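Colleague: Chains as they are written, first to last, in this note's numbering: chain V, 1 to 200; chain L, 1001 to 1200; chain U, 2001 to 2200; chain C, 3001 to 3200; chain E, 4001 to 4200; chain Y, 5001 to 5200.
Keep in mind that the hints were calculated from the coordinates and are not lab data. All of these numbers come straight from a predicted model, not from anything done at the bench. Glycine included, C-beta positions come from ideal geometry on N, C-alpha and C. The reader is advised that the hints may include incorrect statements.
[Stated by the list, open to error] FRET-style restraints, in silico, Cβ to Cβ:
#1 E:Glu4164 with Y:Asn5016: 45 to 51 Å
#2 U:Glu2175 with C:Gly3082: 26 to 32 Å
#3 C:Ile3003 with E:Leu4085: 51 to 57 Å
#4 E:Ile4050 with U:Ile2126: 51 to 57 Å
#5 U:Lys2081 with E:Leu4085: 15 to 21 Å
#6 Y:Tyr5010 with E:Phe4161: 34 to 40 Å
#7 E:Gln4181 with C:Val3168: 52 to 58 Å
#8 U:Ile2050 with C:Ile3003: 20 to 26 Å
#9 U:Ile2126 with E:Glu4164: 33 to 39 Å
#10 L:Gln1181 with E:Asp4151: 54 to 60 Å
#11 L:Pro1187 with U:Asn2059: 41 to 47 Å
#12 C:Tyr3010 with E:Asp4151: 52 to 58 Å
[Unchecked claim] Only some residues are given here: those of chain L computed to face chain V with a beta carbon under 8 Å:
#13 Phe1047
#14 Thr1051
#15 Gly1092
#16 Asp1101
#17 Gly1103
#18 Pro1106
#19 Phe1114
[To be verified] Straight-line Cα separation of at most 30 Å, DSSO-like style, residue types lysine-lysine; simulated pairs:
#20 Y:Lys5160 with L:Lys1081
#21 E:Lys4160 with V:Lys20
#22 C:Lys3090 with C:Lys3006
#23 U:Lys2090 with E:Lys4090
#24 U:Lys2020 with V:Lys81
#25 E:Lys4081 with V:Lys20
Here is how the chains run, residue by residue.
Number of protein chains: 6
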Amino acid sequence: MWIYEKMLEYPVKIKNPNPKMAKIIITQYGGPDGELGAALRYLSQRFSMITPQAIGTLNDIGTEELAHLEMVGAMVRQLLKGASLEEIEKAGMSAYYADHDRGVYPASASGVPFSAAGIQSKGDPIVDLTENLAAEQKARATYEYLINMADDPDVIEPLKFLREREVVHFQRFGEALRIVQDYLQEPHLFIMPKPDFLNK
Amino acid sequence: MWIYEKMLEYPVKIKNPNPKMAKIIITQYGGPDGELGAALRYLSQRFSMITPQAIGTLNDIGTEELAHLEMVGAMVRQLLKGASLEEIEKAGMSAYYADHDRGVYPASASGVPFSAAGIQSKGDPIVDLTENLAAEQKARATYEYLINMADDPDVIEPLKFLREREVVHFQRFGEALRIVQDYLQEPHLFIMPKPDFLNK
Amino acid sequence: MWIYEKMLEYPVKIKNPNPKMAKIIITQYGGPDGELGAALRYLSQRFSMITPQAIGTLNDIGTEELAHLEMVGAMVRQLLKGASLEEIEKAGMSAYYADHDRGVYPASASGVPFSAAGIQSKGDPIVDLTENLAAEQKARATYEYLINMADDPDVIEPLKFLREREVVHFQRFGEALRIVQDYLQEPHLFIMPKPDFLNK
Amino acid sequence: MWIYEKMLEYPVKIKNPNPKMAKIIITQYGGPDGELGAALRYLSQRFSMITPQAIGTLNDIGTEELAHLEMVGAMVRQLLKGASLEEIEKAGMSAYYADHDRGVYPASASGVPFSAAGIQSKGDPIVDLTENLAAEQKARATYEYLINMADDPDVIEPLKFLREREVVHFQRFGEALRIVQDYLQEPHLFIMPKPDFLNK
Amino acid sequence: MWIYEKMLEYPVKIKNPNPKMAKIIITQYGGPDGELGAALRYLSQRFSMITPQAIGTLNDIGTEELAHLEMVGAMVRQLLKGASLEEIEKAGMSAYYADHDRGVYPASASGVPFSAAGIQSKGDPIVDLTENLAAEQKARATYEYLINMADDPDVIEPLKFLREREVVHFQRFGEALRIVQDYLQEPHLFIMPKPDFLNK
Amino acid sequence: MWIYEKMLEYPVKIKNPNPKMAKIIITQYGGPDGELGAALRYLSQRFSMITPQAIGTLNDIGTEELAHLEMVGAMVRQLLKGASLEEIEKAGMSAYYADHDRGVYPASASGVPFSAAGIQSKGDPIVDLTENLAAEQKARATYEYLINMADDPDVIEPLKFLREREVVHFQRFGEALRIVQDYLQEPHLFIMPKPDFLNK
């Protein structure tokens, strides 16, 4: 279970509303490579992961991605809150406004509601950790694209922080993968149940 | 942000694997009225909610739903972990197995990946709190249907606990709705921005 | 079954094409809180509803939502019919045009095809009526957002009418909920089948 | 707009509950080639159809498909209403039960919520009428598959009636297509707006 | 199986980047009536088609649609490759950019990921061939809408070629349908298995 | 473009119909980690890939995945073709039958139509190749789960072949990733356009 601590992992204080940026940053809230998908992927994979370190990595990073989800939500809200209807329309964000006003809803930049179809939890530790390496790369690239589109330092700084964290997570999943691979190659006292088709 | 505490909100200790129950309980993990949808709904609505109490209610309950998501995931995992392939097939769960083995993946009982299309965040406090009353009722009913199908006390007890919590949440959202309605009817020093179409 | 009567519930006569408004009004045709979802929700819930009044309410309002669907479709068509390609492009509606020309297709403002994932039919009368209270609130809010974006009285008047009807429906579902709650608390001659888990 | 008449287009009186049949018949309620998709397709295409006969055909058949939707819903409800939990589970319908009890929800036989992605409304009369020929063929085939699986005359008779109607609709759409094709080849007093790319 | 030949079926050489056109042409890559859906539909239907000619037609056209998919992908890439961020933003394509940079991803013009919900494979030769007549009409119309929006001959020429091919495919599916219908009406030495409900 | 060669990459000759296996093997046709997703992912990423080897790898493997898609389709068809209705029902495959008879349709084992939401094409060569490593691992695991459920050598042999190929593809994507990483670290005569946010 989780305890809420009333602070963001990294401060988000955007002074100028900017629906153009809200329109695309939302994709890291509910889009294909966003923080919701990341948190959900890691926290789901935990249940079938092996070795204490790899389980701990999934738990830590999954929990941190929830904090990132909160940061991204705060960014979207601050970018939208004071925006006029005219600014929203000009930013090509009237479709979002029609369904969600200036609230925060888990969708991609194109407005597609979040779907777990973009994540996987396979019950196989090697597979899941490889999936996570890809996930961190995809999230890292998205933050770069968002930074490319941004010009307000209040927006760029938290995006850079979030991008950095994905790079760190990538490293940590790489280490976890190595540990799990080593572990599976060592002789163990118990018998691995899965590849029983080998006898066929 | 959230701090992880290494315990479940309510103990889950299922001694007998039972893929038949795993097949349907998963719907409270990633199905239309499940805990993921609940947590995501409340934690997203927070950003545009008004009055400290209502914001606090969304935050508290959203955080608790994450704990429930974890409990449901633990149930699914324990029901699947020791199940034989034969039991899985007999339980009509071979489709799930083919894609996720005995792992935990956010899908409905029918196997549809979680979609945020089942939740809403409207930017309007009255709307969002009414949405939540419905959400708690739907989750409560699902737990009843699951309990109706269960016969193992190890499964029934946590389901009953979870059902109870939905009833409590329903009450709390009802109170929050009343507070917000009162607040919106009191004279305030600032001017409400939205219904500017009234002048048209 | 239904008999078609060749008139709209409320006249729609829009003289000036306006793809900008078509782009967002379509969301009440096929979007998450639109008239199609409403009609489908109520007409589906009918089958498991109890008490003649509540069944009648679902039937009446479900039927009226079909009429609203028709009105919204007529608005979208009139806003699009005479629009030039240039106007369509300027309005950010070229994506819709590429797939549907100036026809009417059940999608959200963002272009996501209508999905029943946004509605529920739970087999439990209390749950379904609470779901409907939320549905009416969500539809009401969407109409307000659309009116906020509109400036043509030909568009605003039918939107206001439709918003009003959602408020009336909200009241009627509130009454139906009270009737059903009373009914379920009265002693009846027959035995309620569901909560049989209470004996567990 | 539509007036509800309190009768089914064809009587549905199923004496024996049968969740096995409910599980598959639901696909004509909310599945890919079901009555909801049909009604929605025709009633949406109406807005951009040409010639009074073709518009009338879409309107008539769209309205009749609503009556068929009601019939299919009634069948599903009657097949589920008196079924025991044990029968539901044996029929492989526990996933549906977990989310919808014995209610009627617009999903495919596999449990995928209805999606308008399976229908099209293209703004072009020839295209839309050809789409409808295919739609009627697909619905006809689905009824045949359902009849193949059925053994209760109370179930078979309404399915046969519904299958017959699809054949009739197919004929009527064929005629409408011929009328529209003739019309488009005749010289008209007004100028057809679309294929303006021919001058490029 | 397929052998790749390193050439496009028709040359695509677009000199001027134009994200406005990329934004809508992508719909023929991954949209509802696009080439991916076409190829997948025909190549899937093959497995249950009857008569050598009809099977051959599905195979030929399915294979050609793969070539068209490649052409459309090349168009999208060439239209995006040299585009500046400013041009992308002005073209209303920032949402696509945020998730896919200037890469090619199978989505509709609105940004909805490709879904097979828009295609059908029914196991019935008459149904499938009728479905294909509609599919070709829909694809043909989409190409016309795209041509209507285009003004660069480098873009218009391949679109015209692709439109032409859909017309040819429509003819070929019409012929296949006639052959299959004739075949099913001739006396055969084997017995048709399906309509066994006729004895009911 | 592609030339069709009338043979399967590896022979599929299943003598005994078995809808139980068809029900799960279909997931490698249209499921989350199946051959359609693989082919589409690699053939889409090609357009923005760098270095001739990496482009060639995507092209070769994408083309081979099309051949695998064909093999999997052939397996599903052979497993279904001669199956009786009773066998289909017993195998829990009546839902599939109701919509597709014994045809081949791109869906997951649970019956969810194929969605491109499970694949990504990011416009960044490092990201895309890492995504592919994960994709091959996921496909490999799915084949293992399918083999675990199979007992007919006619089914097991082609599944083993397909599993082997995923392992080979994994190696080849690993090599391509190394080549691309080296290439990006070498000094080049042209300037890399993307990370222009570094100057911010």
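Colleague: Each of the hints needs a verdict: does it hold here or not?
Modeller: We went through each hint and held it up to the structure:
{"no.": "1", "hint": "E:Glu4164 with Y:Asn5016: 45 to 51 Å", "verdict": "46 Å, holds"}
{"no.": "2", "hint": "U:Glu2175 with C:Gly3082: 26 to 32 Å", "verdict": "30 Å, holds"}
{"no.": "3", "hint": "C:Ile3003 with E:Leu4085: 51 to 57 Å", "verdict": "56 Å, holds"}
{"no.": "4", "hint": "E:Ile4050 with U:Ile2126: 51 to 57 Å", "verdict": "53 Å, holds"}
{"no.": "5", "hint": "U:Lys2081 with E:Leu4085: 15 to 21 Å", "verdict": "36 Å, violated"}
{"no.": "6", "hint": "Y:Tyr5010 with E:Phe4161: 34 to 40 Å", "verdict": "36 Å, holds"}
{"no.": "7", "hint": "E:Gln4181 with C:Val3168: 52 to 58 Å", "verdict": "19 Å, violated"}
{"no.": "8", "hint": "U:Ile2050 with C:Ile3003: 20 to 26 Å", "verdict": "25 Å, holds"}
{"no.": "9", "hint": "U:Ile2126 with E:Glu4164: 33 to 39 Å", "verdict": "59 Å, violated"}
{"no.": "10", "hint": "L:Gln1181 with E:Asp4151: 54 to 60 Å", "verdict": "55 Å, holds"}
{"no.": "11", "hint": "L:Pro1187 with U:Asn2059: 41 to 47 Å", "verdict": "42 Å, holds"}
{"no.": "12", "hint": "C:Tyr3010 with E:Asp4151: 52 to 58 Å", "verdict": "54 Å, holds"}
{"no.": "13", "hint": "Phe1047", "verdict": "4 Å, holds"}
{"no.": "14", "hint": "Thr1051", "verdict": "16 Å, violated"}
{"no.": "15", "hint": "Gly1092", "verdict": "18 Å, violated"}
{"no.": "16", "hint": "Asp1101", "verdict": "3 Å, holds"}
{"no.": "17", "hint": "Gly1103", "verdict": "3 Å, holds"}
{"no.": "18", "hint": "Pro1106", "verdict": "4 Å, holds"}
{"no.": "19", "hint": "Phe1114", "verdict": "4 Å, holds"}
{"no.": "20", "hint": "Y:Lys5160 with L:Lys1081", "verdict": "25 Å, holds"}
{"no.": "21", "hint": "E:Lys4160 with V:Lys20", "verdict": "35 Å, violated"}
{"no.": "22", "hint": "C:Lys3090 with C:Lys3006", "verdict": "34 Å, violated"}
{"no.": "23", "hint": "U:Lys2090 with E:Lys4090", "verdict": "11 Å, holds"}
{"no.": "24", "hint": "U:Lys2020 with V:Lys81", "verdict": "22 Å, holds"}
{"no.": "25", "hint": "E:Lys4081 with V:Lys20", "verdict": "22 Å, holds"}
Hint compliance for this structure: hints 5, 7, 9, 14, 15, 21 and 22 are not met, and every other hint is.
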